[in-house]
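Chemist: Spelled out from the first residue to the last, the chains are:
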Amino acid sequence: MRSLNLHLKILILLTVSLGILITAYQIFILGIPLTSDETDDLWNIDAKVEFQASPREPVKLQMFVPPLNQDYVSLNESFISNNYGVSINRADGNRKATWSARRASGKQTIYYRLVLTKRYSGEQAKAKGPIFRDSLPVEGAEKIAAEALLAPIRQHSADVETFISETIKRVNNEADDNAKLLLGGDASTENKAKAVELLLSIAHVPMERVHTIRLAAEIQQDPELWLRSFNGEKWLYFNPVSGEQGLPSDRLVWWVGNDPLMNLEGGKQANVTFSLNNSEMNAIRLAKLTDESTDAGFLSYSLYGLPLQTQHNFQIMVMIPIGVLLILILRNLGGLQTLGTFTPVLIALAFRETGLGFGIVLFTFITALGLSLRSYLEHLKLQMLPRLSVVLTFVVVLIAVISLFSHKLGMDRGLSVALFPMVILTMTIERLSITWEERGAGHALKVGVGTLIAASLAHLLMTVPELVYFVFTFPAILLILVGFMLAMGRYRGYRLTELFRFNAFLKE
Amino acid sequence: MFGLWKRWKALEELGIMGINRRNADYVLKYNKRHLYPLVDDKIITKERAIESGINVPEMYGIISTEKEIDNLEKIIGERSDFVVKPAQGAGGDGILVVADRFEDRFRTVSGRIISLDEIQHQISSILTGLYSLGGLRDRALIEYRVVPDQIFKSISYEGVPDIRIIVLMGYPVMAMLRLPTRQSGGKANLHQGAIGVGVDLATGMTLGGTWLNNKISKHPDTTNAVDGVQLPNWKGFMTLAAGCYELCGLGYIGVDMVLDQDKGPLILELNARPGLNIQIANNSGLTLRAHAVEARLAELAKDGITESVEERVRFTQEAFAYMAPVQV
Numbered sequence: 001m002r003s004l005n006l007h008l009k010i011l012i013l014l015t016v017s018l019g020i021l022i023t024a025y026q027i028f029i030l031g032i033p034l035t036s037d038e039t040d041d042l043w044n045i046d047a048k049v050e051f052q053a054s055p056r057e058p059v060k061l062q063m064f065v066p067p068l069n070q071d072y073v074s075l076n077e078s079f080i081s082n083n084y085g086v087s088i089n090r091a092d093g094n095r096k097a098t099w100s101a102r103r104a105s106g107k108q109t110i111y112y113r114l115v116l117t118k119r120y121s122g123e124q125a126k127a128k129g130p131i132f133r134d135s136l137p138v139e140g141a142e143k144i145a146a147e148a149l150l151a152p153i154r155q156h157s158a159d160v161e162t163f164i165s166e167t168i169k170r171v172n173n174e175a176d177d178n179a180k181l182l183l184g185g186d187a188s189t190e191n192k193a194k195a196v197e198l199l200l201s202i203a204h205v206p207m208e209r210v211h212t213i214r215l216a217a218e219i220q221q222d223p224e225l226w227l228r229s230f231n232g233e234k235w236l237y238f239n240p241v242s243g244e245q246g247l248p249s250d251r252l253v254w255w256v257g258n259d260p261l262m263n264l265e266g267g268k269q270a271n272v273t274f275s276l277n278n279s280e281m282n283a284i285r286l287a288k289l290t291d292e293s294t295d296a297g298f299l300s301y302s303l304y305g306l307p308l309q310t311q312h313n314f315q316i317m318v319m320i321p322i323g324v325l326l327i328l329i330l331r332n333l334g335g336l337q338t339l340g341t342f343t344p345v346l347i348a349l350a351f352r353e354t355g356l357g358f359g360i361v362l363f364t365f366i367t368a369l370g371l372s373l374r375s376y377l378e379h380l381k382l383q384m385l386p387r388l389s390v391v392l393t394f395v396v397v398l399i400a401v402i403s404l405f406s407h408k409l410g411m412d413r414g415l416s417v418a419l420f421p422m423v424i425l426t427m428t429i430e431r432l433s434i435t436w437e438e439r440g441a442g443h444a445l446k447v448g449v450g451t452l453i454a455a456s457l458a459h460l461l462m463t464v465p466e467l468v469y470f471v472f473t474f475p476a477i478l479l480i481l482v483g484f485m486l487a488m489g490r491y492r493g494y495r496l497t498e499l500f501r502f503n504a505f506l507k508e
Numbered sequence: 001m002f003g004l005w006k007r008w009k010a011l012e013e014l015g016i017m018g019i020n021r022r023n024a025d026y027v028l029k030y031n032k033r034h035l036y037p038l039v040d041d042k043i044i045t046k047e048r049a050i051e052s053g054i055n056v057p058e059m060y061g062i063i064s065t066e067k068e069i070d071n072l073e074k075i076i077g078e079r080s081d082f083v084v085k086p087a088q089g090a091g092g093d094g095i096l097v098v099a100d101r102f103e104d105r106f107r108t109v110s111g112r113i114i115s116l117d118e119i120q121h122q123i124s125s126i127l128t129g130l131y132s133l134g135g136l137r138d139r140a141l142i143e144y145r146v147v148p149d150q151i152f153k154s155i156s157y158e159g160v161p162d163i164r165i166i167v168l169m170g171y172p173v174m175a176m177l178r179l180p181t182r183q184s185g186g187k188a189n190l191h192q193g194a195i196g197v198g199v200d201l202a203t204g205m206t207l208g209g210t211w212l213n214n215k216i217s218k219h220p221d222t223t224n225a226v227d228g229v230q231l232p233n234w235k236g237f238m239t240l241a242a243g244c245y246e247l248c249g250l251g252y253i254g255v256d257m258v259l260d261q262d263k264g265p266l267i268l269e270l271n272a273r274p275g276l277n278i279q280i281a282n283n284s285g286l287t288l289r290a291h292a293v294e295a296r297l298a299e300l301a302k303d304g305i306t307e308s309v310e311e312r313v314r315f316t317q318e319a320f321a322y323m324a325p326v327q328v
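If you're matching them up, the sequences are chains A and B in order. Reminder that position 11 of the first sequence reads as 11 in this note's numbering, one-by-one numbering, no gaps. Reminder that position 267 of the second sequence reads as 267 in this note's numbering, one-by-one numbering, no gaps.
Worth flagging that the hints you see were computed from the coordinates, not collected in a lab. No experiment lies behind these values; they were computed from the predicted model shown. A virtual CB, placed ideally from N, CA and C, is assigned to each residue, including glycine. Check the hints yourself; a few may be wrong.
To be verified - Here are the in silico distance ranges between beta carbons for each label pair:
| hint | chain 1 | residue 1 | chain 2 | residue 2 | range |
| --- | --- | --- | --- | --- | --- |
| 1 | A | Leu8 | B | Ser308 | 31 to 41 angstroms |
| 2 | A | Val464 | B | Arg112 | 55 to 65 angstroms |
| 3 | A | Ser17 | B | Asp227 | 53 to 63 angstroms |
| 4 | A | Leu356 | B | Asp227 | 45 to 55 angstroms |
| 5 | B | Ser217 | A | Ile453 | 29 to 39 angstroms |
| 6 | B | Phe102 | A | Phe405 | 51 to 61 angstroms |
| 7 | B | Lys302 | A | Val464 | 52 to 62 angstroms |
What the hints assert, rightly or not - In silico EDC-like links for lysine to aspartate or glutamate, alpha-carbon gap of 20 angstroms or less:
| hint | chain 1 | residue 1 | chain 2 | residue 2 |
| --- | --- | --- | --- | --- |
| 8 | B | Lys187 | A | Glu438 |
| 9 | A | Lys96 | A | Glu50 |
| 10 | B | Lys263 | B | Glu51 |
| 11 | A | Lys507 | B | Glu13 |
Stated by the list, open to error - Derived contacts from chain A toward chain B, CB cut-off under 7 angstroms, selection only:
| hint | residue |
| --- | --- |
| 12 | Gln383 |
| 13 | Glu498 |
| 14 | Leu499 |
| 15 | Arg501 |
| 16 | Phe502 |
| 17 | Ala504 |
| 18 | Leu506 |
Chain B on its own, in the form it takes in the complex (with noise of 0.2 angstroms):
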């Protein structure tokens, strides 16, 4: 008993997050339901970003019914890659990627080879509901095929790793690297296996990494070291992240990006109840960070300022730069 209540005392004073503080102070106080929507349908967040001017993958079409199916061919063009995925898909399921076409067919990313009578009765199960949560009727996006920046190769497994921000009111608090496993089965879901590896605000540079809880310093499956590693292009990162604030008023987002090895950073999707893991990997707690962040806030809306984006990334980046463990 005296243990666990020590055990508190030493997470409270680390200020690491628990769920129900999330909950509580984070995601019910400024997470408005009536927004969820903007989120939830990646459609809807895609054409409220561009509107934004903020980076996407690039959306080919949508599919809403049964008849515009046979729009799919003309849809495609002459593209010979590209993506089909559920507009309220969950867990990565029912994602098609489509990286190269022979003549009729097209080769899928792992190596399948399908017709276009398979990507179309693909995405017929799409709209019937069968990858949506709830089974609902859904739609299909056919996207822009993301290619991960050749940075990534020395550390990640297969799949196409992202990178995530949690931005409190615009302003971006903790950053993290996700990393497919073997065992993750190429998705870049923490709890499904897959490796965070923490970003240091300031500078881009990765730190030490978690999975599944632990805290590891190597990836499992190509064992080469995680850390120290600098994310190219990490303002950019940190510029598309806050500026998701005002496209969606969510006041507290997980943003998901990747790096394209041509276009650069682009959203993926908006998390409204992000995880807490991120927290393990960055070895820092996030209510710390949070609470910092609200203060700032407060005193600026007694002089009735409202920061811009890049007010609130140097913000973030001055008072949450990363600090090398002073060595004895």
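Okay, chain A solo, but in the shape it has when bound (with noise of 0.2 angstroms):
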């Protein structure tokens, strides 16, 4: 026995301290901010190429990718590809990344990652560009329609700033015959921008087609097609359709030119997706770090590695064990009677989706209605199982009617209960009506209560946006979290309630 405490007791030391030197080397030597209130734009940017490998053929995949010199300054890059080769070259001002790989067959993912924020100081780089081109040849009637369109833009324009809006305006002025003739029915920006430096050509200002990225989070987006000329002094930068003159702040050049976005010899069905994450802490320090100092690996293997996808994920999952310590807390230290051990952290995961108010509403009233079925069916005499799956399917349709009502009166809310685990329901009402006939109608209802106030306490805790921050850039706090557990489990001391429940040897 005193060996089995000795173990523990340097069991318990080892993670506590560890944790704790971990957490101190990211705070003091890495210098990460304890709480995310600094915040800066900071962007992570995913692009994912799914394609279709076609078999016994080598895989060559070119794509652009942004080029980086212009207001933004990348943190970290990363291409991410299982057995592919990968290679960077710059031409042109852009700059192209090829992956390529021997073999391949079925359904291929690529990703690439881009962190970036804004740059704040240093010197922008002089510009350099064309300020003269040839005309594009042009015949016949689209000629006539050009020049036509040009002799009022000539004359409602002073430079080559006022020549470039006026032109993107008259292409896009729909009651224009000339404008209709020269795009041919094609209202498209492709071709509008095409009809755009066409005219632009015969007057000899050149014109560069831009595609950028949005940087705003949580939108489906393709890249967006931005007209450029260089006026001698600077890049000016020209929406194709509406005219207007300039680039917004928060649009990333991704390339320049007329070539497609990808280009892919080896397969089929290419398509790419973007998705972006502004990150609301300020990991902006983190991600330089990841970019300067010489132990990068280290936080390459911090959870800030992970996709954005998993991120969100385990964002929530490292919230768990802080809801389970919890529970821990208020039953062996409380004494608080709960139903299973786990069953209110799985609630308190619940009422992510429903919301604290309106989950709890939700809880009792399937309980109640399950409760009452479970006990209509204890008169038939069932197995467990198909009783069990019985209650499962009135969970089910319960549910959808719920939805459905909540639906038709126009609250939205009642539809996020189809996302409310309903066998985490199931289960409970089970436990609870064993509870109850075993037990009495009196403790099923402390024992129910008791694990609403569980699940409670626990959302709000695994809700706290500054914890959820702190434990998900230290999740070395988790050991810290597993020593406490392990003391917890040898605690022979009284539990609250127990202090109440032998009162009769205090009274004399």
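Using the hints, put the two standalone chains together into the complex.
Modeler: Have a look at this one:
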């Protein structure tokens, strides 16, 4: 027993000191901030390329990646692919990544990830660009239409800037027959850009296509086309649809030129999806460190190195031990009676979807109805598995009905119930009714209320944003928790409720 | 806050055992998990008890498959009273007590007349796991019906009172008599509302009682005083309980026994996680007694001695005899 105790003490000491050491290292040596207060715009951009590789053919995928010579500074860039060789080359102000593999088959997925932020200081590189170009060849009716359009544009413009925006406006004027002829009935942005280019080339004004990505989180987007021209001093950017001048600050130039984003050999059905995420933490410093410090390897093993979607999941997952710890304290120190050990944590997770107040109401309502069904089924003397199945089906139907009604009543809150884990509800009903039979209604009610209290507290604790940030950034905290849990494993003191349970001894 | 701390200290002073201490220091330490089936399954407990010559209610037969239900008549034979129970039932559910028979009909202890078919249906329900906790398949046990000794008539309401003795490493450390009440529905479980009455280990004399965590001195249904009753054959109970350690190998158990008017003390079942309210019934803490036993064990281990059942009983009867509070 003594050796066991020593063993346990060493283990606790080990986990706690390891946890403290790692966290202290992160805080003091790496300088990772303790709170998420000082936020900066930090963008995580994931481009996910999916395609179907042709069997028995080498695969070569070329894709433009941001040139990174503008207002943004890259903090971290990674090319995530399995079995592919990656090379980067620069050409004409663009950067192109090439993934290649001798053999690949089936569906392929390649990630390109870029973490960037606005550049605050530093000299802007001197812009350079062409100021003259040859006319594109144009014949017949189109030539006449182009010239008819150019005449008033010349009249209404004073310099290159006004000339270009006037041209774009004319091309976008749907009432103009000349413009219509040039567009040939195709009003896509791409085609408009083509018409604008034709007109500008006749006036020997050079123009380039610029493909941009909008820095906005959680929207579906494709690269957006802009036009630009060099006026001798700087680049002027134009929206090919509105003629509006100036690139909004939330646009990131992905590549320049007429080539498509991607070029795939040895595969088909290539598809790119962009997902962006604006980190709400001051991970800017964290990310800077990733680039600057020599032991970046350590940080790349932090949770921030995971793909964005997975990061979201982990932000929930790392909080589960915190919830479990709370249940442990409530049960073993407080003496609160709950249904099973981890049911409250599962219910707390479900509250994420529904919100606390609404979640409690739903939980109580569904459990109460489920219990009455269960007590009815009791009379039929069914075996456990069929009985559970009936209750589960009933819960599903009930949830469907609640969703339907709340939707009809215009409360979309009720729809979230669909995600309320129904298996948890079913098991809760089953266990509660067993408790009811064995220990009576009073005890079942006590346990039910205890479960709800524990779940609510766990939910509140698990959703404190500062705590989520802290645990997610310093996961070694979990080791300290483990130390505490180990110590709790041999706690022999009284539970709070026992101080009252044994009241009889204190009355003399 | 200060009040709570004072409470804590006072309880600790009295050696009251809390759930955490029971689990950490006794249940987890002395009860090996793989031995649990011995106490969870009443049939296995009974078989082991019979092997080691410990008194249990006589087993008439076991029914473990649907087909064997046909043997029921043969098992019952000419007997007019018997008990049918699930081997792994909990909380007294699924138990059928037959007290008498008229030709081909039976009368249960509560006076209901049932046919053989109904008994067979009950057994079928037991087999499908209706009364076992996990809903797993179970076996039905047909055994001798215990007729409680007349001594309990005066202080008991109905049902069969039983005697629970907590046994630590073969040393009986605390005992109580459990009396069913109207509220407990004839069952002897304290959390269902039965009364626990402390028993002096040395003499078998009942002490004060506990009911729903309070101290009481009278039975709430019969209003008879529960203290000062001499339990007959007390030595027999103590020896029986102490012997259960050898029987199951679990170091910390609650032994539930009954006193049959013909057969004397019999073991009903063993419990690997006995409750803590026995302390209120005895107005005494378990921790102090458990420590005394552990000290004794350590002392004996040094000399390499293991005590026999009789020696263990003698030790605890001397060490834990009830001392009446000194009247001033």
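Chemist: Against each hint, give a clear statement of whether it holds in the structure.
Modeler: Hint check results:
At about 35 angstroms, the beta-carbon gap between Leu8(A) and Ser308(B) stays in the expected band of 31 to 41 angstroms. Checked against the hint of 55 to 65 angstroms, the C-beta distance between Val464(A) and Arg112(B) comes to roughly 59 angstroms, which is consistent with it. Distance hint for Ser17(A) and Asp227(B): a CB-CB separation of about 56 angstroms, consistent with the stated range 53 to 63 angstroms. Judged by the Cβ atoms, the range 45 to 55 angstroms given for Leu356(A) and Asp227(B) holds: they are separated by roughly 51 angstroms.
Evaluation of the 29 to 39 angstroms hint for Ser217(B) and Ile453(A) yields a pass: the beta carbon distance comes to about 36 angstroms. Between Phe102(B) and Phe405(A), the C-beta spacing of about 58 angstroms keeps the proposed range 51 to 61 angstroms intact. Restraint check, Lys302(B) to Val464(A): a C-beta distance of roughly 55 angstroms satisfies the suggested window 52 to 62 angstroms. For the given pair, Lys187(B) sits about 11 angstroms from Glu438(A) by alpha-carbon distance, which is consistent with the 20 angstroms threshold.
About 17 angstroms separates the Cα atoms of Lys96(A) and Glu50(A), which keeps this hinted pair within 20 angstroms; it holds. Of the pairs offered as hints, the one joining Lys263(B) and Glu51(B) holds, with about 18 angstroms between alpha carbons and a cut-off of 20 angstroms not exceeded. With a C-alpha separation of about 14 angstroms, the suggested pairing of Lys507(A) with Glu13(B) holds against the 20 angstroms cut-off. With a cut of 7 angstroms, the hint placing Gln383(A) at the interface with chain B holds, because the nearest CB-to-CB distance is about 5 angstroms.
With a least beta-carbon distance of about 5 angstroms to chain B, the hint placing Glu498(A) at the interface is held under the 7 angstroms criterion. The criterion of a C-beta within 7 angstroms of any C-beta in chain B is met by Leu499(A), whose closest approach is roughly 5 angstroms, and the hint holds. The interface hint given for Arg501(A) is met, as the beta carbon of that residue sits about 6 angstroms from the closest beta carbon of chain B, less than 7 angstroms. Annotation: interface hint on Phe502(A) holds; nearest CB of chain B at approximately 5 angstroms, less than 7 angstroms.
For the restraint placing Ala504(A) at the interface with chain B, the shortest Cβ-Cβ distance is roughly 5 angstroms, inside the 7 angstroms limit, so the hint holds. Annotation: Leu506(A) was flagged as interfacial toward chain B, and the flag holds, the nearest CB pair being 6 angstroms apart, inside 7 angstroms.
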